[in-house]
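Chemist: Those protein sequence lines, which keep their order, are chains A and B. Residue numbers for the first sequence follow the working numbering, beginning at 1 and rising by one. Residue numbers for the second sequence follow the working numbering, beginning at 1001 and rising by one.
A portion of the hints provided could be inaccurate.
To be verified - Listed next, the stretches of chain A that the computed footprint assigns to chain B, with coverage defined by at least 3 CB atoms under 8 Å from CB atoms of chain B:
no. : region
1   : 32 to 43
2   : 56 to 63
3   : 453 to 459
Stated by the list, open to error - Listed below are the simulated DSSO-like cross-link pairs for lysine-lysine, each with C-alpha atoms no more than 27 Å apart in a straight line:
no. : chain 1 : residue 1 : chain 2 : residue 2
4   : B       : Lys-1557  : B       : Lys-1570
5   : B       : Lys-1393  : B       : Lys-1468
6   : B       : Lys-1569  : B       : Lys-1167
7   : B       : Lys-1393  : B       : Lys-1602
8   : A       : Lys-452   : B       : Lys-1023
9   : B       : Lys-1167  : A       : Lys-155
Claimed, not checked - The following residues of chain A were derived to be distant from chain B, with all beta-carbon distances above 10 Å:
no. : residue
10  : Lys-51
11  : Tyr-181
12  : Gly-319
13  : Glu-357
No wet-lab data here; the hints were simulated from the structure. Here a beta-carbon is modelled for each residue, glycine too, at the ideal position from N, C-alpha and C.
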Amino acid sequence: MSILSLFVLIPAAMLLCLFLCKGTKAIRAVMVAGASALLALSLVLVGLFVKERAVSDTAMLFTQDIVWYAPLNIHYAVGVDGISVLMLVLSAAVTFGAVFSSWSMSRHYFMWFCLLITGAFGFFISTDLFTMFMFYETALIPMYLLVGVWGTGRKEYSAMKLALMLMGASALLLIGILGIYFTSGHTTMNIVELAEQQIPLAHQRWIFPMMFIGFGTLCALFPFHTWSPDGYASAPAAVSMLHAGVLKKLGAYGCFRVAVSLMPQGAHEQAWIFLILSGAGVVYGALCAVRQTDLKYINAYSSVSHCGLILFAIMMLNGTAMRGAVLQMLSHGLTAALFFAVIGMIYGRTHTRDLREMGGLMRVMPFLSVSYIIAGLASLGLPGLSGFAAEMTIFVGSFQHPEILHRVLSVVATGSIVITAVYVLRAVGKVFYGPVQNEQHLQLTDAAWYDKIAIVVLMAGIGLIGLVPSSLYNLIENGLGPILRQPGAS
Amino acid sequence: MAFTLFILLIPLCVFLLLALSGKRLSAGVTGVIGTLGMAVVAGLSCFSAYRYFFVIGQSGGNFPALVPFSFEWLRFTDTLSIDLGILLDPISVMMLTVISTVSLTVHLYSVGYMRGEQGFQRYCAFLSLFTFSMLGLVMATNIFQMYVFWELVGLSSYLLIGFYYTKPAAVAASKKAFIVTRFADLGFLIGILLLSYCTGTFDFGELTANNGLLVIGSTTGMAFLGLSAASWALALIFIGGAGKSAMFPLHVWLPDAMEGPTPVSALIHAATMVVAGVFLVARMFPVYYFAAHDVLMLIGYVGAFTALFAAVVAVTQTDIKRVLAYSTISQIAYMMTALGVSGFSGPDGLGYTSSMFHLFTHAFFKALLFLGAGAVIRAVHSNEMSRMGGLRKHLPVTHVAFLVACLAIAGIPPLSGFFSKDQILDAAFHHDKVLFVALWLVAGLTAFYMFRLYYNIFWGKERTYEHKPREASWTMLVPLGILVVLTAVTGFFPFSKFISSDDMGYAAGINRGVAASGVAVALIGILAARMLYRKENDRPAQLAARMGGFYRAAVEKFYIDEVWMFVTKKVIINCVARPLAWFDRHVIDGVLVDGTGRLTEKIAGSIKGMQSGQVQYYALVFIAGALAVAVWAIYI
């Protein structure tokens, strides 16, 4: 058995354990043990991967292939390259943080939680299109219940909207997958094998946009992003964390792994359309964030802007920008998770997320305030934190593009660094600085020990990427190589 | 020269230590750690200056550029990467001594000034962070490294302006400073992208080598709107410099930044960070001179206009820190103008030398002015001139220090300001008479507003103070003393021997005619201030009344803040961000997304009648269907 299957088995085992145990302590023990095991496993995997990569030059490592449904050639096929390893580490870190930020939740909540992460981890290890799709759906459905049952505010509406929009997108994906299967002229669902085939250009032309929009919707591609602000606002903190930190990366990873790498010529031809959409989304999301008064809405729109930048960089189709896209996936995943974790902790104390009803919290809860400010600085691209390395790689990469349209769009996208500073500092100034707005807030307590664990883990990741971005260079480069060598990529 | 790495590492370590230990260290210990760390850095900086200028010295006729340390931090492409390293050349070594000396005096001064304030640990940590970032900025080996540290000094400035974070004015000022400079940095970033796209390098050495040949060669034939790609790139980079160095119209953040503690104003917003823009242009000087001379001329004119504009505003302000802030804007603009009027190589590059010289001397006398003002503010608990007067009896030491600084900035020999200002005037005189007249007028105005300040604080009518103003403690007076000495002696440095546009020393003399005219206009300014403000009288009020609208406009800083407010709040927020947020909620979400939902419901509603649950109805449809099939089968 491949070590990778553990990423699916551990969450499944956690789910099973939750069926059996009842007490709060036992539930917490299961969750903490499982999340720690996943985090440790992902770090071990990095080490093993680096060691294995040195001696092997196949596209995917730790592969395993079991026939699952022979008539359609559906296999349970797993394998990882440098990029999926990083995505697994990101997912494990966010999951770890999410467990500690949902300390007081019930058993049923955690059961759906486990199902969700099973889907997310399964997605990143799959190399079979259909298995990948199945894991994708496995991650989505628990989301509906987690938002609808444990959410706040207009939760039924948000849950319904989120589920329907993403289901609609997955309908596109299913058609696209079947399209790939039947037009590649090769009866396989395996991504690695498909990537070696040429899907005829005429088919790429209609399949590519379906796949890109299908996955892009999950990554909040403008104008298919509106599920995200409502969804995040209604979801419980840890679910927002998982969604912004991990699920959106599913979308970006899918765009990259399936849409672009299987249909490079189609991507190349239609790049300008999606560059304009995602570039617009970068600025549009940032500008919308400036006017929001709910902390979660601010970060939801911020997330539209930052994820737009991931898609923007992927569609640049050059090595530097794509490396930036992977860095941005990691950076945004950690930063957004940290944001939503801290917002959840603040909301749990003040019972409001409205900027206008808070003020001077720095005096009351310095740890949480400083954490929010650090997340804010990472998101506005301060050197030394993860956002800078990611964004600058994207900007430099996309500005090196030979076509003038691409360079003009890059300049438009750079504009977001100013707007991001505006909404981040606006929120920081209102909520944490200034005089205390509400006398009752003076009684509140700062972060508890389990809150601190969640925050410190996420912050460590942000700092690590920000301070030594070159440490990830080889891992990412390794995953990008096969894609960039394909015809049609520049 | 590898020991220069410690110049960067020590402030970084002090920052990490203080930031992580927080309140676990007492204020006293924190002050000692911060000051001692900075003393070591200052010692190392002065030692490296000695080594660089006198031991390694000129080899082959010019000062070499050394890179004792460098590593690749973030690789973009095969040729482009952000390297972090240390570049030692005449201007970076000069900046090292300025930054570390002023930072040391400010650290020591802060121990006294901030006594009893909440959060002194945080304050010291931020000061160290700033010093680290600023040192990294000036020693940058490539333009992207400079951008990295450029952002970090912006952050430390933001954190320190907002040090009194419960005060809404300080919070607003810090936000404004960050956003205005970030906006300018966007220009800087795009400029870097464009420049690196053309040349394929970020490295200063490669960009400036052979008189900017690489830039000229790689941008020929690329033009947009009549300007070459090189001009665009360098103009955009200058926007970044203009933001940090508070050039008109991006100067609006600096006066508000005075909400920060006064020692911070002295260090960041007078002596070091705000001259980063001048340093940037100087660093890229050969490129500006050879590849984009039109931009260099623009810099000269922007500088001269800003100098004049800020000097006029400074005359009318009543908050002493704001007077000093406008004075800083005006003096930095002086340095910018000097770069704009500079030639290249030898005595022709006097503008370049004098710009760096003025940067050097200004750092000391302006820090002295701010620290002196801090002692005054501490004594009377107000920033307003109207609450001060007759303080020379109460604060004798501060009085002398402040007077020395005023004379220096007014350009009275033999103090340092005289020498550097005279060289700038000389360079302008030989290059552009219009700019010379503007700078000459600014010299007069500078003397006037500085002595208006001086007489209002230390002479004039004695006010009733809450308690008798007391002279500051020794920790505050020692730094004043150090700076007085530096202000007095630095003018005698043979600056042009060490720092010149082509790194070959030359001897620059004093142009007697220009010097005489400069001193004369300064004396006129001082005398005018003496007549108006030495004893309280109604002449200033009469004069203001006679000036009418112009005076009021100057008091209101020519409404530039209001214009920015209008553009950002009314135009960008209300006409762009708000409609977009509305559009997102009501059009994309309301019409498209919810609309699709409603449409589905409507269709479902209109056809749901068919699933009524009535068996008779189903039977009817079934029979009708069966009949239809039968008819179809039989006849067709």
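Chemist: The structure should be examined with respect to each hint, and the outcome stated for every one.
Modeler: Evaluation of the provided hints:
1. Counting residues of the region 32 to 43 of chain A whose CB falls under 8 Å from any CB of chain B gives 0; the rule of at least 3 is not met.
2. By the rule of at least three residues with a Cβ nearer than 8 Å to a Cβ of chain B, the coverage given for the region 56 to 63 of chain A is violated, with 0 such residues.
3. Counting residues of the region 453 to 459 of chain A whose CB lies closer than 8 Å to any CB of chain B gives 0, so the stated coverage by that chain is violated, three being the minimum.
4. For the proposed pair B:Lys-1557 and B:Lys-1570, the alpha carbon gap of about 20 Å is at most 27 Å, so the pair holds.
5. Using a Cα cut-off of 27 Å, the hinted pair B:Lys-1393 and B:Lys-1468 holds, with the two alpha carbons roughly 11 Å apart.
6. Between B:Lys-1569 and B:Lys-1167, the direct Cα distance comes to roughly 22 Å. Compliance with the 27 Å bound is thereby established for this hinted pair.
7. With a C-alpha separation of about 87 Å, the suggested pairing of B:Lys-1393 with B:Lys-1602 is violated against the 27 Å cut-off.
8. As the CA atoms of A:Lys-452 and B:Lys-1023 are separated by approximately 18 Å, the hinted pair is consistent with the 27 Å bound.
9. At roughly 38 Å between alpha-carbon atoms, B:Lys-1167 and A:Lys-155 are farther apart than 27 Å, so this suggested pair is violated.
10. Residue placement check: A:Lys-51 keeps its beta carbon more than 10 Å from all beta carbons of chain B (closest about 23 Å).
11. Under the 10 Å C-beta cut-off, the non-interface status given to A:Tyr-181 relative to chain B holds; the minimum distance is some 29 Å.
12. Annotated as non-interface, A:Gly-319 brings its C-beta within 10 Å of a C-beta of chain B; the closest such distance is 7 Å.
13. The claim that A:Glu-357 lies off the interface holds: its Cβ sits roughly 16 Å from the closest Cβ of chain B, which is beyond the 10 Å cut-off.
Checked against the numbered hints above, the structure breaks hints 1, 2, 3, 7, 9 and 12 and satisfies the rest.
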